[in-house]
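When you get a sec, could you build the whole thing from the sequences and use the hints?
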Amino acid sequence: MKRNYLILTLHLILCLLLAGCWSKKELTDLAIISAMGLDLNAKGEYVSTLQVINPSNVAGGLQGGGGSKGPPVTVYTATGSNIIEVNQIASTKLPRRRYYAHTNLLVIGEELARKEGIGNILDAFERNPEFRMTAVLIIAQGAKASDLLKVMTPVDKIPANKIIKNLRFTEEQWGEFFTINLQNAIKDLTTTGKSTVITGFSVSGSPEQGKKLENIQDSDPETTIGATGLGIFKEGKLISWFEGKTARGTGWILHKLKNTGISFSWMDKEDAVVYQVIREQTKSIPKIKKGKPHITIEVKAEGNIMELRMPADLTDPLVLLKMEKEIEKSIQEELLLALEEAKKNKTDIFGFGEAFHQSYPKEWEKLKEEWHDVRFPELAVDVKVDAYIRRTGLRNNANELQ
Amino acid sequence: MEKAKIGAYQLFVLILLFELGSAVLVPIAIEAKRDAWLAILLGMVGGILLFFVYYRLYRFYPKLVLTEYMEKLVGKILGKILSFGYILFFAYSAARVLRDFGEMLLTYAYVNTPLFIVNTLLILVIIYAIQKGIEVLARTGELFFILLYLLAITGFLLLIFSGLFDLKQLKPFLEDGWGVVLKVVASQTLYVPFGEAIVFAMIFPYLKDSKKIKIAGVSGILLSGINLALVMAINISVLGIDLASRSQFPLLSTVQSIQIAEFLERLDVFFMVSMVIGIFFKVSLYFYAAVSATTILFKIKEPSKLVYPMGLAILFMSITIANSYSEHIKEGLVVTTRFLHPFFLVVIPVILLGIAYLKNWGKKRKSQNGAKNTSVSQKG
Amino acid sequence: MPSFFKLSQRKRLRSKVKQQKEDPMKVDELTEPIYPLLEDQLSFIKRKTGNSADVVVRKASFDEKLGIKTAVVYVEGISNSQAINEFLIQSIIMNRELHRKSPVKDPFDILKEEIVALGDIKIHLEWDGLFQSLMSGETIVLVDGCSKALSASTRGGEQRSIEEPGSQVTVRGPRDGFTESIGTNISLVRRRIQNPNLWVETMKIGTVTKTDVSLVYIKGIAKEDIVNEVRSRLKRIEIDSILESGYIEQLIEDESFTTFPTFYYTERPDIVAGNLLEGRVSIMVNGTPFALIAPTVFIQFFQSVEDYYSRAYLATSLRFLRILIFFISIIAPASYIAGTTFHQEMIPTQLLIAIAAQRETVPFPAFVEALIMEVAFEILREAGVRMPRAVGSAISIVGALVIGQAAVQAGIVSPAMVIIVAITAIANFATPSFAVAISARIIRFLFMVVAATFGFYGIILGILVLAIHLTSLRSFGVPYFAPLAPLVPSGLGDSVVRTPIWALKKRPSLIANKENQTRMGENQHPRPNKSRGMVPRNPQEDQE
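Chains as they are written, first to last, in the numbering used here: chain A, 1 to 402; chain B, 1 to 380; chain C, 1 to 544.
One or more hints might be untrue.
[Unchecked claim] Here are the computed distance ranges between Cβ atoms for each label pair:
1. 261/B / 430/C: 25 to 31 Å
2. 147/B / 172/A: 36 to 42 Å
3. 386/A / 325/B: 52 to 58 Å
4. 331/B / 226/A: 52 to 58 Å
[Said to hold, decoys possible] Cut-off 27 Å, straight-line C-alpha distance, at most; resulting in silico cross-link-like pairs (DSSO-like, lysine-lysine):
5. 234/A / 168/B
6. 3/B / 514/C
7. 212/A / 292/A
8. 343/A / 72/B
9. 183/B / 366/A
10. 366/A / 171/B
11. 171/B / 292/A
12. 362/A / 33/B
13. 289/A / 329/A
14. 346/A / 234/A
15. 183/B / 362/A
16. 234/A / 287/A
17. 368/A / 33/B
18. 514/C / 211/B
19. 112/C / 59/C
20. 43/A / 115/A
21. 289/A / 168/B
22. 344/A / 289/A
23. 287/A / 168/B
24. 245/A / 211/A
25. 290/A / 171/B
26. 168/B / 368/A
27. 325/A / 258/A
28. 235/C / 204/C
29. 168/B / 283/A
30. 168/B / 258/A
31. 72/B / 300/A
32. 366/A / 300/A
33. 168/B / 346/A
34. 283/A / 33/B
35. 346/A / 245/A
36. 72/B / 364/B
37. 171/B / 300/A
38. 346/A / 283/A
39. 301/B / 384/A
40. 364/B / 283/A
By construction, these hints were calculated from the structure, which means they are not laboratory data.
Glycine residues also receive a C-beta, built at the ideal position from the N, C-alpha and C atoms.
Rendered as structure tokens:
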């Protein structure tokens with residue numbers, strides 16, 4: 001009997017081996033897609049752009065002699081009526097199997113974001129196990145996603161990487177734009193009390209020139225990509241762009257800011273001193289006062305004076321205190337600006353609604369129907385800023401011309 | 001019954017691995033939304049009570065397993081019918097869990113592989129393990145318990161370092177009130193996974209030190225309950241209630257969100273490891289209970305020969321019980337949790353316990369009467 | 001089913017054949033008693049040994065008057081010629097005036113008690129015993145007219161002196177190793193355990209070779225059941241030759257369908273002594289320096305004797321390292337294959353691009369590439385073993401150059417693969433026990449196949465199967481994975497970690513005798529004198 005079982009098992013094993021491996025994917029058969037872009041064309045169809053990595057042009061291997069100076073990425077476009085179809089049509093052009101597991105960037109054209117909104121599109125990405133939910137989402141501002149993805153970038157060979165790193169460091173150092181990934185975006189979309197905010201990138205210079213490899217042969221490339229605005233959404237559709245101080249104000253309230261520089265006027269000189277924020281803490285505290293919703297925003301900032309363009313005695317703590325007041329005023333302005341704009345657009349991008357939901361669930365039931373259109377614009381907001389100047393860099397007073 | 005001896009610590013490990021098995025991977029109690037963790041904790045309490053029912057039955061018949069003392073309590077014919085029912089129940093449960101596992105693996109890792117292959121591989125390993133006996137299973141459990149906990153703690157630490165926790169997502173507390181929570185407890189968490197501990201009623205007689213069963217069992221259920229509640233709470237904090245309730249496998253989505261230092265990404269393989277381990281033990285224990293019950297019922301002399309055919313039967317069952325994953329889940333919610341589980345896990349054992357108490361009380365009475373008749377006083 | 005019938009047919013044939021065949025092991029002649037006449041005796045001996053040139057027969061007669069003829073028979077080469085000359089032949093020849101002392105006594109007794117000046121003498125009544133003694137190096141003294149023979153122990157001959165053991169070299173610790181002579185080996189152990197409870201039971205196993213096999217244990221510390229079991233298994237062996245302890249290991253082990261050893265073997269007497277003190281049993285075989293130790297648990301193969309001579313922290317970290325190394329040597333190539341073939345999402349993007357770039361030029365799929373590299377490495381390793389020392393270094397250069405550089409540049413394998421194979425090979429060499437390292441090599445290939453077919457799922461299942469297999473093994477009744485599974489908390493102090501010596505108060509409970517488990521007194525933790533530290537000093541002391 002033992003022998004028979006042995007034979008049976010052998011048969012099973014042979015069957016398994018003979019039939020081949022179903023889920024096997026050889027590395028050389030994969031087209032590693034680093035970024036994907038979606039646009040809407042005139043007919044209302046989706047146009048997808050796939051940025052595929054050419055590994056041999058990226059990695060400096062020791063074999064194969066001097067690697068051919070080809071572009072590190074190749075871009076393919078295709079048109080179709082839904083996401084899956086459009087990508088499958090792309091496979092007619094790709095020499096390999098599409099592999100999305102390393103797609104770290106998703107670009108949505110501005111037109112698509114305005115007309116259709118992003119809600120429906122994101123479903124295909126959520127459902128597919130190959131996609132990473134940690135992929136970064138950006139909007140192509142004033143351009144098509146395909147144009148954005150075709151631009152060659154210096155320093156970082158793969159443009160998708162450049163955009164992602166760009167976003168990450170500007171979030172840290174300037175604070176106007178921040179990183180949103182798919183998971184966050186979907187979370188926001190499905191929460192009644194918060195609207196989505198997505199950073200926008202635009203192409204400066206001619207997209208045609210940007211496609212060419214010569215673009216990066218210059219020390220000063222003609223065409224570059226940069227973060228230029230913060231896209232404000234309402235009910236999944238893009239409605240407006242925040243830029244400059246408004247964008248930074250949003251960053252303050254959403255507690256996305258890490259370091260940034262705030263210039264304020266001193267002694268009647270505009271932008272005389274620059275205060276560099278090192279750390280900040282923002283709390284949005286919802287309260288119901290007399291049956292009406294009320295939010296208190298408390299900001300605590302710490303930083304150093306990093307540029308002094310006019311004489312001032314920084315060794316005197318009282319001077320510093322006065323400066324702190326100025327800083328607080330500046331910050332408060334920015335915050336109020338952002339709040340104004342958001343209210344004007346009738347969309348609660350700060351998540352105040354959700355805060356009410358969490359703390360006052362019963363009242364929220366009544367508030368939530370018209371939150372974005374009515375309640376939010378009426379929301380009473382108190383902004384309190386506390387700024388501290390800790391240090392002044394390596395010098396105390398400014399150099400004085402003699 | 002085989003000649004095996006398990007220690008109390010091994011029982012604890014087996015209970016823990018069994019309870020965590022598949023429950024940590026599927027969205028249990030998600031109808032309670034943000035209070036899912038609370039529903040789990042309450043279910044755990046219920047589970048401990050059920051465990052005491054099984055334990056008390058064991059104390060009445062320390063050398064017999066569930067299907068054996070069933071015959072003694074309700075009579076031979078009814079007992080045999082019930083035993084057969086339990087065999088089917090155990091086999092069906094094993095097939096269900098196996099199907100769960102296969103679907104999970106196919107959904108995100110091996111999309112093109114047929115379900116048959118994936119399930120067959122696991123069944124072959126389980127057959128190998130069961131043939132070696134419960135002692136080997138227990139020892140393997142001890143080894144993998146350590147591995148599983150190391151993985152869990154590492155995952156937890158990584159989650160903390162990614163800064164993905166947002167405890168505010170757990171608010172508002174009890175948004176929908178106690179009603180929903182209790183309903184979920186009564187219809188779901190009590191049975192899956194805590195009530196399923198009935199399989200251990202087939203294993204209690206193997207313990208070396210029967211006094212320690214109580215503490216091993218209670219601590220096992222306690223620890224697993226806390227773990228499950230914690231996992232659900234983590235899922236909701238990281239994903240938000242919407243994503244967590246829409247995900248087929250919320251823990252997988254949580255693990256996929258980990259992104260540290262640009263190279264620790266997409267750690268779903270760790271998820272796969274814990275899944276295989278957990279499901280392996282769950283299916284093995286159900287399978288073992290089924291084989292054990294069959295051996296006793298049909299008085300088979302060589303149980304090891306029974307293992308192969310039953311394994312194949314469970315394999316085929318797992319493939320044929322449902323056409324699609326949604327059907328499988330729906331079947332679980334409608335048929336299993338509403339009818340099968342309450343019947344087999346709660347009603348029958350409680351009735352059995354009642355009968356056992358009556359019999360015992362009757363016996364005591366008899367012995368007391370007998371003592372009175374013979375004029376020898378006995379301390380009852 | 002035809003195969004069924006063939007099976008039973010074959011069984012029937014086999015049993016028939018068994019009955020008809022004679023047992024070739026037994027030779028009937030030798031059970032006969034010894035012939036009385038000297039000439040007959042000597043001619044029988046000569047015939048039996050085929051007139052072998054090294055069987056020396058020295059006739060002598062003692063006592064002038066009685067004229068009793070004797071013969072001294074010994075085998076040159078395995079006996080100590082000097083002892084024979086001095087204490088036997090000389091004694092016999094010099095003894096001329098025996099009749100004066102005791103005329104009526106049996107010459108045999110005279111021989112035994114007054115002439116043979118050696119210790120360890122035996123009297124043989126049958127040829128069987130006589131030949132056993134003769135062939136093991138003892139000298140036979142035959143007396144004309146007696147059906148008895150006297151054998152005296154004169155074992156000697158050329159042997160290897162005690163040197164440093166070839167395997168299991170340590171930095172700290174004794175440097176003597178076993179040799180091929182069982183007497184020397186037992187003496188090395190005795191020197192370390194100077195206790196009368198160290199019992200040595202010797203038996204001859206092997207019907208043709210009649211090898212001396214000794215069972216060594218410490219009475220009172222070793223479990224009686226285990227000793228009895230070992231003894232009965234040894235007695236059950238029926239084989240013509242025992243040339244090495246490996247034969248015995250394979251004949252009495254618990255489970256032969258496994259790649260993992262259930263016996264521990266060693267060349268070092270301090271290891272044997274240490275294990276005996278924990279309650280284990282040792283089997284020593286004449287002709288080999290490797291002694292067996294039973295029962296064993298898996299974790300022993302990751303412990304080196306140096307762990308006990310070093311301090312706890314070093315020992316513990318080294319043990320962790322070894323376990324990690326073992327896992328690497330099993331799983332590394334399989335993980336690489338699984339990662340690059342099934343689960344590319346796991347690899348960070350930059351690394352993936354680098355690997356993809358490398359693999360662009362390689363024509364084979366990852367599995368075949370791994371297989372080629374691993375097989376090539378195994379071939380290299382075997383070649384290195386066979387090569388004479390002088391050429392050995394050439395192998396390493398050839399190996400490194402050919403495989404490493406040229407294959408990569410020719411585009412046959414990718415550099416990443418070379419790195420993986422190199423790491424695996426080094427990890428394999430670092431495993432402390434050779435037997436386990438060999439198992440790891442075999443298992444590594446199985447894992448590679450499984451990984452190539454099923455990816456990480458296959459690897460996990462493989463680990464499961466491995467764990468189930470290992471935990472189901474037993475070594476003389478002791479579960480192979482104790483003290484980890486089943487968990488024996490008292491044994492944990494010396495398993496994966498090594499708590500300091502003063503914490504290891506008890507012997508392993510599964511192996512040692514229950515009554516005799518405490519081996520250390522209380523409070524053995526070294527406590528320095530309180531005179532250090534901030535203690536008020538006696539001012540008068542300072543003045544002195």
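Open item on the list: For a C-alpha distance cap of 27 Å, please report whether residue 171/B and residue 300/A respect it.
Closed with: With a Cα-Cα distance of about 25 Å, the restraint between residue 171/B and residue 300/A holds, given a limit of 27 Å.
Task: Proposed proximity, residue 300/A with residue 366/A (alpha carbon, max 27 Å) - done: Given pair residue 366/A, residue 300/A is violated - Cα atoms ~32 Å apart, limit 27 Å.
Open item on the list: Hint check: residue 283/A vs residue 33/B, CA-CA at most 27 Å. Holds or violated?
Closed with: OK: residue 283/A and residue 33/B at ~26 Å, within 27 Å.
TODO: Could you grab the alpha-carbon distance between residue 72/B and residue 300/A and see if it respects the 27 Å cut-off?
DONE: With a Cα-Cα distance of about 74 Å, the restraint between residue 72/B and residue 300/A is violated, given a limit of 27 Å.
Open item on the list: With the threshold set at 27 Å, check whether the alpha-carbon distance from residue 235/C to residue 204/C stays at or below it.
Closed with: With Cα atoms ~9 Å apart, residue 235/C and residue 204/C stay inside 27 Å; holds.
- [ ] For the pair supplied as a hint, residue 346/A and residue 234/A, confirm whether the alpha-carbon distance does not exceed 27 Å.
- [x] Status holds; Cα separation ~8 Å.
Open item on the list: Hint check: residue 3/B vs residue 514/C, CA-CA at most 27 Å. Holds or violated?
Closed with: 23 Å, holds
TODO: Take the C-alpha atoms of residue 362/A and residue 33/B, compute the straight-line distance between them, and say whether it is at most 27 Å.
DONE: Roughly 16 Å separates the two Cα atoms, so the pair holds.
Task: Restraint status (C-alpha distance of residue 344/A to residue 289/A at most 27 Å) - done: Roughly 23 Å between the alpha carbons, so the hint for residue 344/A and residue 289/A holds.
Open item on the list: Against the 27 Å threshold, does the CA-CA distance of residue 364/B and residue 283/A hold or violate the hint?
Closed with: 69 Å, violated
TODO: For residue 386/A and residue 325/B, compare the CB-CB distance with the range 52 to 58 Å and indicate the outcome.
DONE: 53 Å, holds
- [ ] Mind checking the alpha carbons of residue 168/B and residue 368/A for me, to see if they're no more than 27 Å apart?
- [x] Given pair residue 168/B, residue 368/A holds - Cα atoms ~18 Å apart, limit 27 Å.
Of the numbered hints listed earlier, those contradicted by the structure are 7, 8, 24, 31, 32, 39, 40.
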